[in-house]
Structure formats: structure tokens, C-alpha cells
Amino acid sequence: MPDGTHSVNRARLCLVLAALLWSLGSVFMRVLREPLGLGLNEPLLSPLQIAFYRGLFGGLVMLALVRRAEMTFRPLMLGMVVAFTVMSGFYLSALGLGPAANAIFFQNTAPVWVYLFSVFILGEAADRRGWQAVLLAALGASVIVAGNWPRELPPEDQRAQVFILFMGLGSGLIYAVVVLFLRVLRDNSAAWLVALNLLGTAVTLGLFVLVSDGPSGFVQWVTAPSAKQLVVLFVFGAFQMAFPYWLFTRGLRYVSPHEAAIITLIEPLVNPIWAFLITPEKDTPNVSMLVGGALILLALVWRYFPAKQKHKD
Numbered sequence: 078m079p080d081g082t083h084s085v086n087r088a089r090l091c092l093v094l095a096a097l098l099w100s101l102g103s104v105f106m107r108v109l110r111e112p113l114g115l116g117l118n119e120p121l122l123s124p125l126q127i128a129f130y131r132g133l134f135g136g137l138v139m140l141a142l143v144r145r146a147e148m149t150f151r152p153l154m155l156g157m158v159v160a161f162t163v164m165s166g167f168y169l170s171a172l173g174l175g176p177a178a179n180a181i182f183f184q185n186t187a188p189v190w191v192y193l194f195s196v197f198i199l200g201e202a203a204d205r206r207g208w209q210a211v212l213l214a215a216l217g218a219s220v221i222v223a224g225n226w227p228r229e230l231p232p233e234d235q236r237a238q239v240f241i242l243f244m245g246l247g248s249g250l251i252y253a254v255v256v257l258f259l260r261v262l263r264d265n266s267a268a269w270l271v272a273l274n275l276l277g278t279a280v281t282l283g284l285f286v287l288v289s290d291g292p293s294g295f296v297q298w299v300t301a302p303s304a305k306q307l308v309v310l311f312v313f314g315a316f317q318m319a320f321p322y323w324l325f326t327r328g329l330r331y332v333s334p335h336e337a338a339i340i341t342l343i344e345p346l347v348n349p350i351w352a353f354l355i356t357p358e359k360d361t362p363n364v365s366m367l368v369g370g371a372l373i374l375l376a377l378v379w380r381y382f383p384a385k386q387k388h389k390d
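Residue numbering for the sequence shown follows my numbering, beginning at 78 and increasing consecutively.
Keep in mind the hints are simulated off the structure, nothing from the lab. A hint or two may mislead.
[Said to hold, decoys possible] What follows is a list of derived Cβ distance ranges for each label pair:
| hint | residue 1 | residue 2 | range |
| --- | --- | --- | --- |
| 1 | TRP208 | PRO292 | 46 to 54 Å |
| 2 | GLN297 | ASN363 | 37 to 45 Å |
| 3 | PHE316 | VAL296 | 27 to 35 Å |
| 4 | ASN118 | SER293 | 37 to 45 Å |
| 5 | ARG151 | ASN118 | 37 to 45 Å |
| 6 | VAL280 | GLU358 | 32 to 40 Å |
| 7 | LEU307 | LEU155 | 27 to 35 Å |
| 8 | ARG205 | LEU94 | 27 to 35 Å |
| 9 | ALA301 | MET148 | 25 to 33 Å |
| 10 | VAL85 | THR300 | 26 to 34 Å |
The structure displayed is predicted, hence computed values, not measured ones. Built from N, CA and C at the ideal position, the CB exists for glycine as well.
Whole structure, please, built from the sequences with the hints as guidance.
Written out as C-alpha cells, the structure reads:
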């Protein structure tokens, strides 16, 4: 097998593993925020508190793997960290405040944005199957949005649910921006890029709380988690966030951004399953989620289903 093909296949495997590990996000969120009898939902942590500690612990784990020579700085890295922070805040807020399937599927409108940005901004090569897969994924996300639009709720609750939906959609758009940053910066150490993103998220969120709530409010906010919660948050940051992003960043060295985005559609197919197993009363998928999920799965299968070879007589 040629070295190039071997590298691409290993990169795709990295992306599949990253997607599977990311899919455990709903498990950690439900364990930390739902009354499951584990005592891990007391005190109740906000999505931003969880994002802060997930970024802090995951970033420290990655930083321990970075050699001093790899600690380089480029102006683009600042934009990457800002985008990553906003994406994390939107996504975890949508995941923690609404049904897991909604937030996850909405974020995975990202392949559409990644495809458009990478083709028209980065000049990456496009192909017919890639476009078809992206359009199928976009159709699946649209079906889910339409089927879960809160039409029958009171006006105030409806506005709150719509806001949650748009946070999920916004996280998908900004996720695409993060992917493009990682692609452009792919020659830098993967561990260093991940450490910057995660620690940058923790610092930004911490400063936001410090400015908005003052020193005493920040101290109360940052010391709220119990010892058991801190252990779970450490595993959350290291295992579900840092390691898969390291795999994803390495995969982007050999795989185009739009192909990487299509491969990681595995995450929204698996994530709601974990959420349903933990909290079926909250996370039972409805018809539109099932139809939309089937379209997203079809997009993934179609992209990699072997094409017919044309034989010349």
C-alpha cells in the first residue's frame, strides 16, 4: 500500500475515533445535570461551568504532551481560540438546556458550511459525491429543525426554545470556522493547537464570569463543583474533548476539511443514542429526528459507497 494511501486511511481512522469519543458528550452532560442517583448533579452546574472545567482539564492534559520547541504563536491562533470558545459555549448551552438530539444535529449543519468555506475560501478540490453528501446532510438537519420548531408552546417558552435552537445552529457555523483554522494551521503541533483552544476557552469563560459577576461571584462560581464532580469533569475534558480533538487535528493533515466534516457525521448518529439510554423521558427521538438522522446516515454512506468503475472495451 502506498505511503500516501496509508496516511489517508490512518487519518480517516483518527476522524472516526474522534467522532465516537465526541459522541459521549451527552453522557457526561446528563450525568452531571440529571438526577440519576449518582449525586453528581448537586450542586447543579451550568453549561458554562462545565465548559470552563472541561477546557481547563483537557487543555492541561494536552499541554503536558507539548514539547517546548512546539510552542509557537501565529496571529491566526488567536482567531482560532476565539472561535473555539464561542462554539463551545453555544454547543454546551444548547446541549444542556434542550434535547440532546436537537443540539447535536443542529451543530452538524457544519459539514455544509465546511464544504462551502473550504471550496470557495481555501480552494480545496470538490467532487460530485461530496456535494451530494453535504446536501443530503443539510436536508436531514432541515427536517429536524422543522419537526422540532416549538409551535405549540406559550410565547415565552417558544422564544426560549427558539433561542436554544439557534445556539445549536450557531455552534455548527462557528465549528466550521474552527475546522478551517485547524486546516490552515495543520503544520503546527496538534497537541499545541488543542491545548491553546481548550485553555483559551477556560480563560475566556473565566474572565467573562469575573467581569460580569465580580471577584466574589467568580470565586463562588469556580469553587462550586464537588470533588466527585471535579473527577468527572477531568475525565470529560481529557477523554471526551482533548484526545478526540487531537485525533481530529492530526486527521486534518491528510484529509480535506469537508471530508473530515462528513466523516464526523458519525457523532450525531451515536450521541442521541447515549442520551436516550440515560434519560429516555427527555431524549426520546421523534419522527423528524429519525427521518433527519436517516438522511444524515445516507449522506455518510453515499459519500463512501464504492462507485461503479467504467470499463473500456
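- Is 27 to 35 Å a correct range for the gap between the Cβ atoms of PHE316 and VAL296? With a Cβ separation near 28 Å, PHE316 and VAL296 satisfy 27 to 35 Å, so the hint holds.
- Is 32 to 40 Å a correct range for the gap between the Cβ atoms of VAL280 and GLU358? 37 Å, holds
- Verdict for LEU307, LEU155 (Cβ pair) under range 27 to 35 Å: 29 Å, holds
- Cβ separation of ALA301 and MET148, checked against the hinted range 25 to 33 Å: Once the Cβ atoms are compared, 32 Å apart, the range 25 to 33 Å for MET148 and ALA301 holds.
- Query: Measuring from beta carbon to beta carbon, are ARG151 and ASN118 in 37 to 45 Å?
  - Reply: For ASN118 against ARG151, whose Cβ atoms are near 41 Å apart, the range 37 to 45 Å holds.
- Item | Status of the given 37 to 45 Å range, CB of ASN363 versus CB of GLN297 | This hint holds: roughly 39 Å between Cβ atoms.
- Honestly, do ASN118 and SER293 meet the 37 to 45 Å range at C-beta? 25 Å, violated
- Could you check the hint for me, namely that TRP208 and PRO292 are 46 to 54 Å apart, CB to CB? With a Cβ separation near 52 Å, TRP208 and PRO292 satisfy 46 to 54 Å, so the hint holds.
- Whether the CB-CB distance between VAL85 and THR300 falls inside 26 to 34 Å: 47 Å, violated
- Query: Cβ-Cβ distance between ARG205 and LEU94: within 27 to 35 Å?
  - Reply: Once the Cβ atoms are compared, 28 Å apart, the range 27 to 35 Å for LEU94 and ARG205 holds.
Hint check: violations occur at hints 4 and 10; the rest are consistent with the structure.
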